[in-house]
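All chains should be built: construct the whole structure from the sequences, respecting the hints.
In the order they appear, the protein sequences are chains A, B, C and D. 53 is the number that our numbering gives to position 28 of the first sequence; each next residue is one higher, with no gaps. 84 is the number that our numbering gives to position 59 of the second sequence; each next residue is one higher, with no gaps. 105 is the number that our numbering gives to position 80 of the third sequence; each next residue is one higher, with no gaps. 45 is the number that our numbering gives to position 20 of the fourth sequence; each next residue is one higher, with no gaps.
One or more hints might be untrue.
[As the list claims (entries may be wrong)] Simulated pairs of lysine-lysine, DSSO-like, Cα-Cα distance not exceeding 30 Å:
| id | chain 1 | residue 1 | chain 2 | residue 2 |
| --- | --- | --- | --- | --- |
| 1 | A | Lys-137 | B | Lys-130 |
| 2 | D | Lys-49 | C | Lys-130 |
| 3 | A | Lys-49 | B | Lys-132 |
| 4 | D | Lys-137 | C | Lys-49 |
| 5 | C | Lys-132 | D | Lys-49 |
| 6 | B | Lys-130 | A | Lys-49 |
No wet-lab data here; the hints were simulated from the structure.
Protein chains: 4
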Amino acid sequence: MTSNDSCKSEHLIDANQLALVLEKFATDRNWSQFHSPKNLVMALTGEVGELSEIFQWMSEADSINAGQNLATAQDVKDELADVLLYLVRLASVLRVDLNEAVTNKIKANELKYPVASSLGVSTKYNKK
Amino acid sequence: MTSNDSCKSEHLIDANQLALVLEKFATDRNWSQFHSPKNLVMALTGEVGELSEIFQWMSEADSINAGQNLATAQDVKDELADVLLYLVRLASVLRVDLNEAVTNKIKANELKYPVASSLGVSTKYNKK
Amino acid sequence: MTSNDSCKSEHLIDANQLALVLEKFATDRNWSQFHSPKNLVMALTGEVGELSEIFQWMSEADSINAGQNLATAQDVKDELADVLLYLVRLASVLRVDLNEAVTNKIKANELKYPVASSLGVSTKYNKK
Amino acid sequence: MTSNDSCKSEHLIDANQLALVLEKFATDRNWSQFHSPKNLVMALTGEVGELSEIFQWMSEADSINAGQNLATAQDVKDELADVLLYLVRLASVLRVDLNEAVTNKIKANELKYPVASSLGVSTKYNKK
Chain A
26 MTSNDSCKSE HLIDANQLAL VLEKFATDRN WSQFHSPKNL VMALTGEVGE LSEIFQWMSE
86 ADSINAGQNL ATAQDVKDEL ADVLLYLVRL ASVLRVDLNE AVTNKIKANE LKYPVASSLG
146 VSTKYNKK
Chain B
26 MTSNDSCKSE HLIDANQLAL VLEKFATDRN WSQFHSPKNL VMALTGEVGE LSEIFQWMSE
86 ADSINAGQNL ATAQDVKDEL ADVLLYLVRL ASVLRVDLNE AVTNKIKANE LKYPVASSLG
146 VSTKYNKK
Chain C
26 MTSNDSCKSE HLIDANQLAL VLEKFATDRN WSQFHSPKNL VMALTGEVGE LSEIFQWMSE
86 ADSINAGQNL ATAQDVKDEL ADVLLYLVRL ASVLRVDLNE AVTNKIKANE LKYPVASSLG
146 VSTKYNKK
Chain D
26 MTSNDSCKSE HLIDANQLAL VLEKFATDRN WSQFHSPKNL VMALTGEVGE LSEIFQWMSE
86 ADSINAGQNL ATAQDVKDEL ADVLLYLVRL ASVLRVDLNE AVTNKIKANE LKYPVASSLG
146 VSTKYNKK
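Laid out in structure tokens, this is it:
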């Protein structure tokens, strides 16, 4: 068993190194003072808005092939990264274990959306 | 060196297992038909909106201590998980390597925001 | 000329009465203390997220006919109203004249997107 | 009684002229094809994201005085206008009467948040 296999077997997601790098990035620039959860949620909102702007005039079919245009593909990578950076930083300042949070949420979703009754039904999926 | 150390040393983030679980979750329910990038960006927007609602009337100081209220702490974990689930699913359908994307973005940010000129300056940080 | 015509001829939009009603609504409940622009932008984000959730799994074609389902039509009216209420309240606390702001923005857009070069081109429209 | 008074007395909000101008703007450029409700909600999301970016690193106190910086004041006017333009266009393509929608919503909010039990309580206000 390689270390990579064992790593994957231990976590659905492991963002610990990223969280440490982002904390150092903020500390080095004395930016931690700006990184309240409230502010980070607004920064996350801004980046999701930029992601939305990439796809707003695309058809669903075009959005599936967005990566075929090199400039669009790079924009997508950059915005997905920005959203992820703020999300991991936000979880870090809130002391939330993202792996635990998603593991529990997926278990809850499996109970909420049984395969039989959810098959191909987006409306059920859509319910809060 | 443990496999865990080596895992962490290889990636800033490893979401591969989560991406596989989410793909199976969607495939089992025949939901892949709904998971166009355009739709997933809208679903991501909805979850970020729910995250924003948790913090909208809090002061920054209160947002830092949001975890001290058990009900709020659970809401925060659930919404952070929902945002992460849609983000990882979106990257997966777009065939974007999140670890590569964030690694490149952090390198770019280090050049864009030199420590000396960025020290404690949020306005610079705020610039697009 | 009726007063209604003259009203319309004077403004692209007149939200003054709504702004006054919202200010009284907040003052009566001692909610003005919560209505900082920062907080109201987060509340606006939450409502746009709820609007997005209505349409996230719909095709574009279905979104055009969303009003044909009575329950969906009511949800759409409610969320459009919530977004508008927070937007008008936000402009009010920031002392922004919405009619002046949109009038100037439309003039700028007419220069930015000349008919000849913009005809049927969403990419140009999409550029910041 | 001036026509302006009578105008205000008839509507909480009158955006009919703006809706007509936006429809002509889109028709002249053959952009109506892009203006499905689904796409317009994404465009609205993008503009709210830009609005959020203006305030993300501000304290609440600074956000109240955002208009004192001329450059920030202009950015705020432009983004509030962009959000309003897409909101009115969205209501227009969905055939929603915004004045009726907000009038009904305010009546519902008056029942949902009685003055006595809502006084200074943001948590109640925050409940869905």
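Need the list of violated hint numbers for this structure, in ascending order. Per hint list: single violation, 1.
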